[in-house]
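There are 4 protein chains.
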Amino acid sequence: MTKRNQILIIGHDEAGCTTEHEKMAYETGSEVAKSGSVLISGGLGGVMKAACHGAHDSGGIIVGIIPQNDSTAANEYCDIVIPTGMGHTRDFLTALSADGVIIIGGGSGTLTEVCAAYMHKKPIAAIKNSGDVASKYADQYLDHRKNVKIVGVSSPKEAVKYILEQIAK
Amino acid sequence: MTKRNQILIIGHDEAGCTTEHEKMAYETGSEVAKSGSVLISGGLGGVMKAACHGAHDSGGIIVGIIPQNDSTAANEYCDIVIPTGMGHTRDFLTALSADGVIIIGGGSGTLTEVCAAYMHKKPIAAIKNSGDVASKYADQYLDHRKNVKIVGVSSPKEAVKYILEQIAK
Amino acid sequence: MTKRNQILIIGHDEAGCTTEHEKMAYETGSEVAKSGSVLISGGLGGVMKAACHGAHDSGGIIVGIIPQNDSTAANEYCDIVIPTGMGHTRDFLTALSADGVIIIGGGSGTLTEVCAAYMHKKPIAAIKNSGDVASKYADQYLDHRKNVKIVGVSSPKEAVKYILEQIAK
Amino acid sequence: MTKRNQILIIGHDEAGCTTEHEKMAYETGSEVAKSGSVLISGGLGGVMKAACHGAHDSGGIIVGIIPQNDSTAANEYCDIVIPTGMGHTRDFLTALSADGVIIIGGGSGTLTEVCAAYMHKKPIAAIKNSGDVASKYADQYLDHRKNVKIVGVSSPKEAVKYILEQIAK
Chain A
1 MTKRNQILII GHDEAGCTTE HEKMAYETGS EVAKSGSVLI SGGLGGVMKA ACHGAHDSGG
61 IIVGIIPQND STAANEYCDI VIPTGMGHTR DFLTALSADG VIIIGGGSGT LTEVCAAYMH
121 KKPIAAIKNS GDVASKYADQ YLDHRKNVKI VGVSSPKEAV KYILEQIAK
Chain B
1 MTKRNQILII GHDEAGCTTE HEKMAYETGS EVAKSGSVLI SGGLGGVMKA ACHGAHDSGG
61 IIVGIIPQND STAANEYCDI VIPTGMGHTR DFLTALSADG VIIIGGGSGT LTEVCAAYMH
121 KKPIAAIKNS GDVASKYADQ YLDHRKNVKI VGVSSPKEAV KYILEQIAK
Chain C
1 MTKRNQILII GHDEAGCTTE HEKMAYETGS EVAKSGSVLI SGGLGGVMKA ACHGAHDSGG
61 IIVGIIPQND STAANEYCDI VIPTGMGHTR DFLTALSADG VIIIGGGSGT LTEVCAAYMH
121 KKPIAAIKNS GDVASKYADQ YLDHRKNVKI VGVSSPKEAV KYILEQIAK
Chain D
1 MTKRNQILII GHDEAGCTTE HEKMAYETGS EVAKSGSVLI SGGLGGVMKA ACHGAHDSGG
61 IIVGIIPQND STAANEYCDI VIPTGMGHTR DFLTALSADG VIIIGGGSGT LTEVCAAYMH
121 KKPIAAIKNS GDVASKYADQ YLDHRKNVKI VGVSSPKEAV KYILEQIAK
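Residue numbers (the numbering used here), protein chains in the order written: chain A, 1 to 169; chain B, 1 to 169; chain C, 1 to 169; chain D, 1 to 169.
By construction, these hints were calculated from the structure, which means they are not laboratory data. Hints may be right or wrong, so weigh each one.
Which copy? The list can't say, so a pair holds if one copy fits it or any two copies do.
Computed list of lysine-lysine pairs in BS3-like fashion (alpha-carbon distance at most 27 Å, straight line) [to be verified]: (1) LYS3 / LYS34; (2) LYS136 / LYS121; (3) LYS146 / LYS23; (4) LYS169 / LYS23.
Remember, predicted model here, so these are calculated numbers, not experimental data.
Could you put together the complete structure from these sequences and hints?
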C-alpha cells in the first residue's frame, strides 16, 4: 500500500483565531509534514490556513476539502483542493478523510468535525491550552458509547506523536 | 406559500433510549402533529421512532431522512422517506430541513445535528429533564458566535410552543 | 407500513421549458396526486414547478428537494422542503427518494437524475413526444448492465400507470 | 499558489473493463503523472485502478475519492484516500475535484461524472476508440446549453495535452 497517513487539523476559522492559535496551528502543520503524513484541512482561513502554511514550509503535501464548489476559494498553501459544493456538510468529509484528528481551539464547526470523527472512531487529540472546544472536551468521551477518548495533549509535537501511535496500532 | 412548518425531533437511538425518553418523544411527536406541523425525523429507532409513532397517532405527516439508500430501512411510521445513502452525513440534511429542532436526551449523533442547526441559526429547544446532550447544552450557546441559544424547556408542549413562536417571528 | 408511493418528475428547468412541457408536467403532477402518491420534485422552476402546480391543484402532497440551504428558494407549491445545501449533487437525493421516475424533456441535470435512478434500479418512464433527454433515451438501457429499461410512454396518464405497476411488482 | 493541476480519469469499473481499456488507462495515468498533475480517481477497480497504477509507476500523486466510508476500500495505488461514505453520490465530488476530465469507455456511473463535469463547465476529453460512453458522446454537447463540448481525442497523450491546454486558458 502506498497510502500515506492522513492527519486532520481543525479549529477556529479567521473569526476566532488568535496569533496564539495561529502559532500552534503552524507548528502542528509543520510536525505533520515532518512525519511524512499528508495534512488534511478544511482549506480556508484561521487555524486551517496557519496549519497549511506550516505544513507547506516543511515540504508536506496539503489537501484542502472546502465547502465551495470552486477550488479558487481554498487558501494558497493547498497542493490539492477537493471542492465539495456541500457547505458546512463538508465537515463530515474532512473527518472521514482523517486517520487522526488534532483540535486547536474551535467553535461549532470544529465540534461538528469532532462528532463526525468520534462516530467513526478516529483517534482525536486536543491541545489543552488552546481553549474553547479543544479545552472543553479534552480527556472526555462525547457520549455513553465511549467510542474514543479525546486525549488532551500539551503541545503540537505531542499531538502528532499521539496520533501516529494510535494509527500504528 | 403552501409550505408547512417542519419540526425536527432528535435524541437517543435505540441503544440509549429509555422508556422515559420514548414517552417524551411520543408526546412531542404528537404535539408537533396537533400543531399542523410536519415532523422531520432521522427515521430510524429510539427517540426517532417514538416521535414518529406519536405524530402518526395524532394524524400528522412524518418525513424520515435516513442514512441508508433504501427506503425500507425507515421505521413503519414514516409517510415519506428520503433515503440519502450518505450515512451519518445525513445528520446535516435533517438539520437543514428543520424550521426548528427539539432535543430529547441524545449522544454524539444528536450533538452533530445540534451543531448543524446552530450553524444555520435554527431555533433549538432542549427538554431539560431528558438528560445527556439535551441537559448538558440547555440554556447555552455552542460557541462565541452566539448564533442561537439552545433554550431549555420543561415539557414537550412547551418545546413545540417555543419553536412555533420562534418560527413565527 | 404507512409509507406512500413516491414519484419523481424531472425535466427542463425554466431555461428550456416550453408551454408544451409545462402542460405535460402539470398533467403528470396531477395524475401523481390523483393516484394518492407523493410527488418528489427538484422544487425549483420549469417542469419542476409545473409538476408541483398540477399536484397541488389535485390535492397532492409535494416534496421539493432543492440545491440551496434555505427553504425559501423552493417554488410556492411545495408542502415540504428539503434544503440540501449540496448544489447539483442534490440530483442524487431526488433519485434515491423516488420509487419511480418520469422524464419530460430535460438536459444534463435531468440526465444526471436518470443515471442515478438507473444505478439504483428504479423504474423510469420517458414521455416520448417531450423531446431532448426523454426522447433520446426512451426505450433504451443506459449501459451494458441493463439495470432497467427507460420505457417510452405517450402520455402523463400512461407514465403514472406504468410507474405504479412497476412499484407494485 | 501551490495548487497542482488535478486531472480525473473515468471509465469502466472492473465489470466492463477490457485489457484494452486497462492499457489505455495505465498510459493515460502515466501521462498525467509525467505532466506533474495530480491524478484524481474514483479509487476503485477497472479503469480507475489501471489509471492509478500508471500514475504510480510514473511517480505521480494519486487521490482516490471513494464511495465507502473506510479508506481500506481504495485500490493499492492511491497515495491519498477521501472516503466519502456517500455511495454513488461521490461521482459529483470526483467531478468537482477535477480541473479536467478524461473518459475511457464507461457506463452509467461514468456518464454521471460526465454530466456533473459538464454542469460545472470542466474541460472534458473522450478517447474515441475506447467505446461506450467515451465514443457515444465524443464531439458532442450534452444539452442545448452547450456548456462545454466533449472533445474526442485519439490517444492518452492527446487527451492529457488537450486538458492541460484548456486548464491553461
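So, going through the hints one by one against the coordinates:
1. LYS3 / LYS34: both (16 Å within a copy, 20 Å between copies)
2. LYS136 / LYS121: Both, since 19 Å and 22 Å are each at most 27 Å.
3. LYS146 / LYS23: between (32 Å within a copy, 26 Å between copies)
4. LYS169 / LYS23: neither (30 Å within a copy, 38 Å between copies)
The structure is inconsistent with hint 4 alone, although it conforms to all the rest.
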